[in-house]
Amino acid sequence: MALRETLADPHSYWMEGGGAEEDVVVSSRIRIARNLATYPFPHRLSREQAGEVIHAVRLAVERPESVKKVGRFEVSLLAELTPVERRILVEKHLVSPDFLKGDPQEKAVVLRSDEMVGIMVNEEDHLRVQCLKPGLALEECWRLASRVDDELEATLEYAFNEEFGYLSACPTNVGTGMRASVMMHLPGLVATRVLEDVVSGLSKLGLAVRGLYGEGTRAAGDLFQISNQITLGRSEDEIISNLTALARRLVTQERESRQGLYQKQRGALEDRIFRSYGVLQYARVINSEEAMRCLSDLRLGLALKVIQIIPLGLVSELMVLIQPAFLTKMAGKELKPFERDMLRARLIRERLQSGKNGKYGSKK
Amino acid sequence: MVCERCNKRPATVHYTEITNSKKQEIHLCEECAREAGITGFGVMPQFVLHNLLGGLYEEQKAPVEPAYGRCLNCGLTEQEFAGRGLFGCADCYTSLRPAVDQILRRVHGTTQHIGKLPQRCGKLAGKKQELKRLRRELEAVVRKEEFEKAAEIRDRIRDLEKGLEGGK
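Residue numbers (the working numbering), protein chains in the order written: chain Z, 7 to 370; chain W, 9 to 176.
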């Protein structure tokens, strides 16, 4: 699938259901930072040098052996994409928001057609290879990212030092250069107020927990991202197995919280889930905060099988679809906030309807 | 609540980041949040991180030889690093050595890489790394007083060391 089609399609492979522990773990991601030995780090590159880095990466991914081993990648200069298309890459979690800053002529995005592997060229480091999969799948993500890394390394000379490992512009990434993260849906731990303790416990173990807070105290959609902070002095396997074990423990705790809630407050919980489902089905105007809250309730309802109308993956997809850039792209023009809220409500209604009719799934 | 960045518009984006038990709350208006790159879930504002890193360095700054104060390759100075929190090139890691050691210890607790090696580093680097790993393992089992295991690891270390000497 060409990049333009990728950007037009709200669906990403990582949103599909079926991954391990999918009732709680939305997606897993491995990102590795690599730099070329002979160029200054990206924030000190001239435009010409930036172009050379992009060219070198292009040659590396287009090698026939590389294509055979890890698949075909499409290289696009950020400057070739419209501002809305660039923001969609962010909303689909394929590039970071920081990637959009600075001169778009100096940056390129390299994407495999299934969107499972991508490379940001000239973000904070020359290369940021990212692998994204649904459910809890850090090991598989690492194997894939590492294979892509090997293919790149066949022609690119990395900045590497035996003592410090892979060198990075930012000292927080040096060593393995690897950041592993899992995105978890934790409405049970939020509702039972266990999350605060969990968060402080995890942070003591060198892990970071992030959620974007809307008004009040709930994270948008009750989604939290847990990732390793330390990249030096531990092997990739060690980091991944620690994070996987902790994620599993959290999955168990989350399930227990959900079941506890369901048993103790069945009526109230069912009411909340069906009310949110009602809002999503019938609202004519909805802002992104309310939509995320309702989608979180719906996801919980589906996971608990209180409601069995649509696949879980559709909820993940809607959480991306209702973000501003996607709506702008669909409308084909800039929208005022109220217009956006109307379009958001319409899209949710339509997608839920087609989900109910069984017309949901990957186009690939 | 007013936005912390512009001090004008009302803060509507409330961001909490918890790292190593330290909680930091950031309150921004929508516009400043967008500028800071906080447009979606799970995004850490880089400007905050880099400011913190610079601070970490200044806090730790010890008197250093002037020759170490500048990267011999790209010319980045320690002051520039303290201001931005980013190195300029791969050589900064060796040119700004005392500062690099300090920072890596503060951030990661160590300066020794354990993990994947580029294939072009060859077998020798792999063996050296295995040696590092075994030495760490040895320390750990000695701490746990598992002496039989320790003896086993010590023998493996000796074999590897011999192999490395022979391979030179």
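By construction, these hints were calculated from the structure, which means they are not laboratory data. Since we're looking at a predicted model, the values are computed, not measured. Take these hints with a grain of salt, some might be off.
To be verified - Computed cross-link-like contacts, DSS-like style, restricted to lysine-lysine with a CA-CA straight-line distance of at most 27 Å:
no. : chain 1 : residue 1 : chain 2 : residue 2
1   : W       : K16       : Z       : K342
2   : W       : K152      : Z       : K210
3   : W       : K131      : Z       : K75
4   : W       : K152      : W       : K131
5   : Z       : K311      : Z       : K107
6   : Z       : K210      : W       : K170
What the hints assert, rightly or not - If you want the footprint, here are the derived chain Z segments under chain W, 3+ residues with CB under 8 Å:
no. : region
7   : 52 to 64
8   : 120 to 128
Cβ coordinates follow ideal geometry from the N, Cα and C atoms, glycine included.
Worksheet item: Does the structure break any of the earlier hints, and which numbers would those be?
Response: 4, 5, 6, 7, 8
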